[in-house]
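K.L.:
Residues per chain are reported as follows:
2 protein chains.
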Amino acid sequence: MTIKEKIEQANDIAVNHIIDANPVWVDILPAGEVVDGLEPNMILHSGPPIEYKDMVFLHKRGMVSGALFEGLAKTEAEAVAKLESGEIKISSALDHNTVGAGTGIITSSMAMIVIENKKTGVRAATFPAEGPFQGGLCGWGLYTEEIAANLRYMRDELFPVMRELVHKRGGLPIKPILAEGMQMGDENHTRQSAADLIFNTQILPDLFRMDIDKALLGKVMDYIVKTPRFFHCFGQGASQSALLSAKGTPYSTMAVAFGGNGVEFGIKIAGMGDEWFTAPAMMMKGRYTSSQYSEKDQLPWLGDSCVVECAGLGGIAAAASPIVCSLRGMKLRDAISLTREMYGICISKNRNYPIPNLDFDFLPCGIDIRKVVKTGISPEIHGGMFNRQGGLIGAGSARIPLQCFENALKAFAKNYRE
Amino acid sequence: MTIKEKIEQANDIAVNHIIDANPVWVDILPAGEVVDGLEPNMILHSGPPIEYKDMVFLHKRGMVSGALFEGLAKTEAEAVAKLESGEIKISSALDHNTVGAGTGIITSSMAMIVIENKKTGVRAATFPAEGPFQGGLCGWGLYTEEIAANLRYMRDELFPVMRELVHKRGGLPIKPILAEGMQMGDENHTRQSAADLIFNTQILPDLFRMDIDKALLGKVMDYIVKTPRFFHCFGQGASQSALLSAKGTPYSTMAVAFGGNGVEFGIKIAGMGDEWFTAPAMMMKGRYTSSQYSEKDQLPWLGDSCVVECAGLGGIAAAASPIVCSLRGMKLRDAISLTREMYGICISKNRNYPIPNLDFDFLPCGIDIRKVVKTGISPEIHGGMFNRQGGLIGAGSARIPLQCFENALKAFAKNYRE
Chain H
29 MTIKEKIEQA NDIAVNHIID ANPVWVDILP AGEVVDGLEP NMILHSGPPI
79 EYKDMVFLHK RGMVSGALFE GLAKTEAEAV AKLESGEIKI SSALDHNTVG
129 AGTGIITSSM AMIVIENKKT GVRAATFPAE GPFQGGLCGW GLYTEEIAAN
179 LRYMRDELFP VMRELVHKRG GLPIKPILAE GMQMGDENHT RQSAADLIFN
229 TQILPDLFRM DIDKALLGKV MDYIVKTPRF FHCFGQGASQ SALLSAKGTP
279 YSTMAVAFGG NGVEFGIKIA GMGDEWFTAP AMMMKGRYTS SQYSEKDQLP
329 WLGDSCVVEC AGLGGIAAAA SPIVCSLRGM KLRDAISLTR EMYGICISKN
379 RNYPIPNLDF DFLPCGIDIR KVVKTGISPE IHGGMFNRQG GLIGAGSARI
429 PLQCFENALK AFAKNYRE
Chain P
29 MTIKEKIEQA NDIAVNHIID ANPVWVDILP AGEVVDGLEP NMILHSGPPI
79 EYKDMVFLHK RGMVSGALFE GLAKTEAEAV AKLESGEIKI SSALDHNTVG
129 AGTGIITSSM AMIVIENKKT GVRAATFPAE GPFQGGLCGW GLYTEEIAAN
179 LRYMRDELFP VMRELVHKRG GLPIKPILAE GMQMGDENHT RQSAADLIFN
229 TQILPDLFRM DIDKALLGKV MDYIVKTPRF FHCFGQGASQ SALLSAKGTP
279 YSTMAVAFGG NGVEFGIKIA GMGDEWFTAP AMMMKGRYTS SQYSEKDQLP
329 WLGDSCVVEC AGLGGIAAAA SPIVCSLRGM KLRDAISLTR EMYGICISKN
379 RNYPIPNLDF DFLPCGIDIR KVVKTGISPE IHGGMFNRQG GLIGAGSARI
429 PLQCFENALK AFAKNYRE
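The listed protein sequences correspond, in order, to chains H and P. Residues 29 to 446 in the working numbering are what the first sequence spells out, letter by letter. Residues 29 to 446 in the working numbering are what the second sequence spells out, letter by letter.
Just so you know, not all the hints are guaranteed correct.
No distinction is drawn between identical chains; accordingly, a pair holds when it is met within one copy or between any pair of copies.
Unchecked claim - In the DSS-like style, the derived pairs of lysine-lysine whose C-alpha atoms are separated by at most 27 angstroms in a straight line are:
no., residue 1, residue 2
1, K254, K203
2, K110, K34
3, K242, K254
4, K254, K196
5, K88, K196
6, K359, K254
7, K399, K34
8, K147, K324
9, K34, K147
10, K254, K402
11, K247, K196
No lab work stands behind these hints, which were simulated from the structure alone.
Using the sequences and the accompanying hints, generate a full structural model.
P.N.:
Following this line, the structure appears as structure tokens:
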């Protein structure tokens, strides 16, 4: 076999890990029990690895907040000292079986949604939506004692009920919800309005029938029903459990991780293990939530939620969601053209996702770094815009820097030549 | 003012009755209490008025079934005799403030969903979905003792709970659900998948908190969640309460009723009261549920559910739902072209319904019979295909016969000339 044939074969295996994945919500567990390699004195963050001193303000504050939340330090000063000295360890979420959505601050006692790819047994854990809580969200780079209390409340009061619920029903398959939502205007990154509703309709009757105090059940129900984009973390977990199954496929040039830390954006590819290929983090273009914001308030790309694009959803699925694309002033035809463009850099089509606006053609799936470099077409990724001081100030999209793919291809060539 | 100016002004008033309508689900009541002019010994049917002897088999059986259900006769033979003699009265549903969806058999003790247009106080009552019940449906022209028992069960057990629910919350606005569903692939005739889910998410938390036996609540929940197209009757009631508000606007050439009885299809217009303008009922084109069916099994148009097209949804909104249009082999561009074609016969656009696939242009609204006659473009209406023997055998669409509009225009000219 020529190297080219070996790559084709490997990419076929890798992309089928995405296409054939069967992600099922199976549990809610403390991060320390489900995230491989997450040590008690370790804090995770989004994007490629970075040292504390090089972090943007949001990550620095997130690290300190995580240290306080976890009881690794008693004061901010103590936390900073321990983070700088390495006594508190720092690690990239994407170097574990999880995803650093937003700032991606994850510590070992935080409760996580666990998605298992039943096809391979690979599990991925994702940080849950923080509820209809109005006090600001940890995932958006904010931190107060109130936010921490909300996280503890979710973990201690709401999640035991949801855990019993999901155990009782023997898991909840995620792919059918993603697929149905995709026919209803969701691209499953910026928008999961339909998926949220489908989830509610599947879960509430079971919740209702649980033999638990009605007032408590009511609180759990409110948490599920009233939290905006509740299903987002399930889609991320489903994507990550598929990509982790593909990771480590020798000779494969398929991307298996995307993420940014506000300084650098990085990718990984299936045939190169956990090696990162990075470039300076790009800015997002889109629409601000208020006219008070402009590009000077906006942080370069921060967050790993583009794991969903890596698995063929979100920006790759633009045609499914002209309503999301309109956030960037795109028309229906632009949204369709965008997904058609993505076919040019993908390995295959995903038969799980026939799209009405594509006349039921399937979504492109499995980004091949060779095709990206050859065509100069970079994957489109959707996301939320972060304020440099914390908080979400808009939604939009960006292209991943080509340099990431060029670096990856060079390293791949070097590795497989030897 | 010239007659033309009078018509323009009248049509502006009439179409704004549709656009500004505020339909709210307010109650569940026996048909006899909410349908004006429905006498205890009267049975309603879909489409324009027709005598018993001229009815298709489905309507004849429906009449007999209705007589037995209501206790107007003890045997089939007695029912037929009373229907033929006029002792049991027969009336067109669309000549009352209701809609004859499917066969449209409505008797005075049947429980109906009541929608009030809060803008005008006009109420419309629609026959509710018959649940996840597998024994065949009355609305589809079938009848057994089991079907009757299911109707009684709904009326006596499920509906008192739903009635208390809707009273407690002070009504449920229907238009926001239609509008949100319209952005999620529903055209709100053949498809209301999103609307069903939105309805569930709005209603279940309230249901859950009711102080009623949990087992009974569970049954009501199952009825709501598991019934396919549960929301359809709410959309029909919303449409009818708007159209009835427009009905009787002098000088208006806007259509306010569409319906078929399997023999004739008929329309009414706002400026001509309850006068019907008919033509032989047309056949629908679409897709059968099984290859065992062909056109010879199929009944010409039967049913009034096209009340939704009359109010600017369904086939008029094709662009919102390429997934429904694909049932007829249409592509996305055909669906968009169809709605664009409908602009040519409509009076206005409905700002309540911005459609992603139209780049957020609004849906056309208010069919002007003058424009239909002038352009030769007839409204596209979606619907279910009936087996001549009863039961639904497919879904598709048809154009309303031009002759209905030509007859209406002639009568209008004659009336307003005098």
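K.L.:
Now, for every hint given, state plainly whether the structure supports it.
P.N.:
Hints, verified against the model:
no.	hint	verdict
1	K254 with K203	both (22 angstroms within a copy, 21 angstroms between copies)
2	K110 with K34	neither (47 angstroms within a copy, 82 angstroms between copies)
3	K242 with K254	both (18 angstroms within a copy, 23 angstroms between copies)
4	K254 with K196	both (23 angstroms within a copy, 20 angstroms between copies)
5	K88 with K196	neither (40 angstroms within a copy, 49 angstroms between copies)
6	K359 with K254	neither (30 angstroms within a copy, 36 angstroms between copies)
7	K399 with K34	within (16 angstroms within a copy, 64 angstroms between copies)
8	K147 with K324	neither (45 angstroms within a copy, 47 angstroms between copies)
9	K34 with K147	within (24 angstroms within a copy, 69 angstroms between copies)
10	K254 with K402	neither (45 angstroms within a copy, 50 angstroms between copies)
11	K247 with K196	both (19 angstroms within a copy, 20 angstroms between copies)
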